[in-house]
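Peer 1: Given next are the chains, with one letter for each unit.
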Amino acid sequence: MTNLDFGFLNWNLITNFIWKGLVFSVQLTLIAMIGGIIIGTLLALMRLSGKKWLVMAAAFYVNTLRSVPLVMVILWFFLLIPLLIGRSLGAELSAIITFTVFEAAYYSEIMRAGIQSVSKGQVNAGYAVGMTYKQCMQLIVLPQAFRNMLPVLLTQTIILFQDTSLVYAIGAYDLLKGFEVAGKNFNRPVEAYLFAAVVYFVICFSLSMLVRRLQKKIAIIR
Amino acid sequence: MAFDFSVFCKETIGGEAVPSCLGRKGDPTYLDWLISAWGWTLSVAVLSLIVALVVGSLMGILRTTPSKWLVAIGECWTELFRNIPLLVQLFVWYHVLPAIFLSLRSVPSFLLVVFGLGFFTSARIAEQVKAGIQTLPKGQRYAGLAMGLTLPQTYRYVLMPMAFRIVIPPLTSESMNIIKNSSVAFAVSIAELTFFAQQAAEETSRGIEIYLAVSFLYFISAFAINRIALQIEHRVAVPGMVGAGK
Chain A
243 MTNLDFGFLN WNLITNFIWK GLVFSVQLTL IAMIGGIIIG TLLALMRLSG KKWLVMAAAF
303 YVNTLRSVPL VMVILWFFLL IPLLIGRSLG AELSAIITFT VFEAAYYSEI MRAGIQSVSK
363 GQVNAGYAVG MTYKQCMQLI VLPQAFRNML PVLLTQTIIL FQDTSLVYAI GAYDLLKGFE
423 VAGKNFNRPV EAYLFAAVVY FVICFSLSML VRRLQKKIAI IR
Chain B
4 MAFDFSVFCK ETIGGEAVPS CLGRKGDPTY LDWLISAWGW TLSVAVLSLI VALVVGSLMG
64 ILRTTPSKWL VAIGECWTEL FRNIPLLVQL FVWYHVLPAI FLSLRSVPSF LLVVFGLGFF
124 TSARIAEQVK AGIQTLPKGQ RYAGLAMGLT LPQTYRYVLM PMAFRIVIPP LTSESMNIIK
184 NSSVAFAVSI AELTFFAQQA AEETSRGIEI YLAVSFLYFI SAFAINRIAL QIEHRVAVPG
244 MVGAGK
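Chains as they are written, first to last, in the numbering used here: chain A, 243 to 464; chain B, 4 to 249.
Worth flagging that the hints you see were computed from the coordinates, not collected in a lab.
Note that CB positions come from ideal geometry on N, CA and C, so glycine has one too.
Any given hint could turn out to be false.
Stated by the list, open to error - Here are some, though not all, of the chain B residues that point toward chain A, as calculated from beta-carbon distances under 10 Å: (1) Val-91; (2) Val-187; (3) Ile-211.
Unchecked claim - Covered, in the sense of this in silico footprint (three residues per stretch, anywhere, with C-beta under 8 Å from a C-beta of chain B), are these stretches of chain A: (4) 265 to 279; (5) 301 to 312; (6) 407 to 418; (7) 425 to 436; (8) 442 to 453.
Turn these sequences into a full structure, and let the hints guide you.
Peer 2: Quick look at the structure:
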């Protein structure tokens with residue numbers, strides 16, 4: 243057994259190396275969550291539209307992204323974006339685009355289940371009072387679907403936050419990278435990785451406790 | 004933009020094209036490397052899946068026992084392995100544990116990854132197994148105990164045969180996830196598909212062709228697992244249950 247020495251951890255180190263990474267990880271999570279839910283909802287509506295081409299296009303999008311590992315998707319986008327727009331966007335921006343596009347596929351499956359959980363009578367009632375399809379979705383179906391699926395959407399967001407560590411593949415500076423750089427600079431990589439695991443655990447565990455509480459609240463009202 | 008898949012016939016060291024595409028005697032070609040990388044991906048995935056199924060079932064069962072302590076152990080296990088990103092867990096297995104426990108230094112990193120990915124997935128499987136046992140009517144457990152079976156016997160002969168059949172569909176998707184998650188092993192230098200993709204793309208600057216081949220192999224691996232699981236599901240179906248077919 244070797245001795246672990248956490249003496250290198252101090253406030254200075256946290257503000258210098260780790261804070262920057264945490265900010266990016268949170269940023270990436272929030273942008274990908276909002277963008278992913280918006281695109282995902284559109285994809286879910288396409289899949290439930292009953293129009294053959296829309297259904298096929300959305301199903302192709304979702305199934306393709308869901309069958310490839312996220313690391314490969316990150317590498318794909320990092321390779322393709324510069325080829326398509328002619329210049330490099332940098333690892334951070336590339337990661338934000340990748341995660342938004344990728345998570346949309348997962349959020350869309352959740353939203354699809356949510357929309358299907360709203361009873362048909364609600365839609366018919368909407369049409370009966372003269373609403374258009376758009377109004378019906380906007381005012382009746384989507385608010386309920388969103389609410390029913392809120393715990394699942396948030397759980398997916400916790401997974402998303404964990405997955406942001408995979409930007410390691412293209413070298414973006416996220417929370418994990420912050421720990422790694424700090425560990426290298428102070429020649430204490432073992433302690434740095436261990437501390438990273440603790441920090442991720444504390445964040446994700448607290449968030450999942452919050453989601454569980456919310457779930458109980460929603461369950462009672464329903 | 005034209006695809007040029009002839010890159011796979013090139014030797015990895017000399018860069019010369021080999022007519023048969025497989026380097027028989029000389030240096031291996033990129034195709035050889037791709038195939039061996041696929042082998043690594045499948046070995047990591049299959050071995051981790053075995054670890055995950057064994058440990059995950061055990062932890063799932065613990066969480067449904069009447070003993071408070073066993074439940075607590077199962078829950079701590081699940082929370083611990085569920086709330087740390089897989090990549091960070093692999094770093095802990097690869098960098099941290101061998102530094103603390105020196106005897107782990109002689110263990111090949113491949114095995115560390117298998118346990119890392121296996122334990123990570125076991126938390127998810129424990130959730131499914133627990134849910135599967137809980138969907139069974141309480142009467143089944145009581146019937147078993149009333150007949151004089153011990154608790155382990157009740158689990159072995161009454162509860163688990165049904166619970167495992169119930170959880171096959173979610174376990175199928177976990178098995179497909181494990182193929183995808185094995186890609187994270189690139190970060191600890193296991194020569195699997197993603198590692199190959201990164202290295203070979205850099206060496207040949209034929210990224211698109213290489214990524215296409217790798218993505219395709221991931222796709223068919225996950226698809227194959229899906230088919231195998233469907234076969235198992237049909238074979239073990241209990242007549243009269245929902246999903247037992249016609």
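Peer 1: If a hint holds in the structure, say so; if it doesn't, say that too.
Peer 2: Outcome of the hint check:
no. : hint       : verdict
1   : Val-91     : 5 Å, holds
2   : Val-187    : 6 Å, holds
3   : Ile-211    : 7 Å, holds
4   : 265 to 279 : violated (count 0)
5   : 301 to 312 : holds (count 4)
6   : 407 to 418 : holds (count 5)
7   : 425 to 436 : holds (count 4)
8   : 442 to 453 : holds (count 5)
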